[in-house]
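Its first residue numbered 1, the sequence shown is counted upward by one per residue in this note's numbering.
Take the hints with a grain of salt, since some may be wrong.
Heads up, simulated DMTMM-like pairs for lysine to aspartate or glutamate below, C-alpha to C-alpha not over 25 Å straight-line [stated by the list, open to error]:
#	residue 1	residue 2
1	Lys-36	Asp-16
2	Lys-33	Glu-64
3	Lys-36	Glu-64
4	Lys-36	Glu-53
5	Lys-63	Glu-29
The hints are simulated quantities; they were obtained by calculation from the structure and are not laboratory data.
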Amino acid sequence: MEKMETPAFIAHGTADHTVPFAHGQRLYEASSKAPKRFYPMPGHGHSPPISEEFYEAVRQFLKETAHGH
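Starting from the given sequences, assemble the full structure and let the hints guide the process.
What follows is the structure, encoded as structure tokens:
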């Protein structure tokens with residue numbers, strides 16, 4: 001991940017029993033020097049996120065990191 005130079009949005013559930021939350025945090029810390037955001041999801045497990053807040057955070061990140069706008 002150290003060579004990745006693109007924006008990174010990393011989300012991770014705090015109740016994920018498949019991939020420990022700390023792994024998501026380490027991935028974020030090791031990722032790009034480009035714009036990045038870590039989105040913790042309290043109480044959420046390993047399944048896909050379904051909250052409107054998550055999707056709004058993704059939309060906002062995409063707006064902030066869009067090239068040429």
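Going through the hints against the structure:
Restraint check for Lys-36 and Asp-16: satisfied, since their Cα atoms lie roughly 21 Å apart, inside the 25 Å limit. Restraint check for Lys-33 and Glu-64: the C-alpha separation of about 15 Å stays at or below 25 Å, so the hint holds. A distance of roughly 10 Å separates the Cα atoms of Lys-36 and Glu-64; the hinted pair therefore holds under the 25 Å criterion. For a cut-off of 25 Å, the pair hint linking Lys-36 to Glu-53 stands: about 18 Å separates their Cα positions.
Between Lys-63 and Glu-29 the alpha-carbon distance is near 22 Å, which keeps this suggested pair within the 25 Å criterion.
This entry satisfies every hint, going by the numbered hints stated previously.
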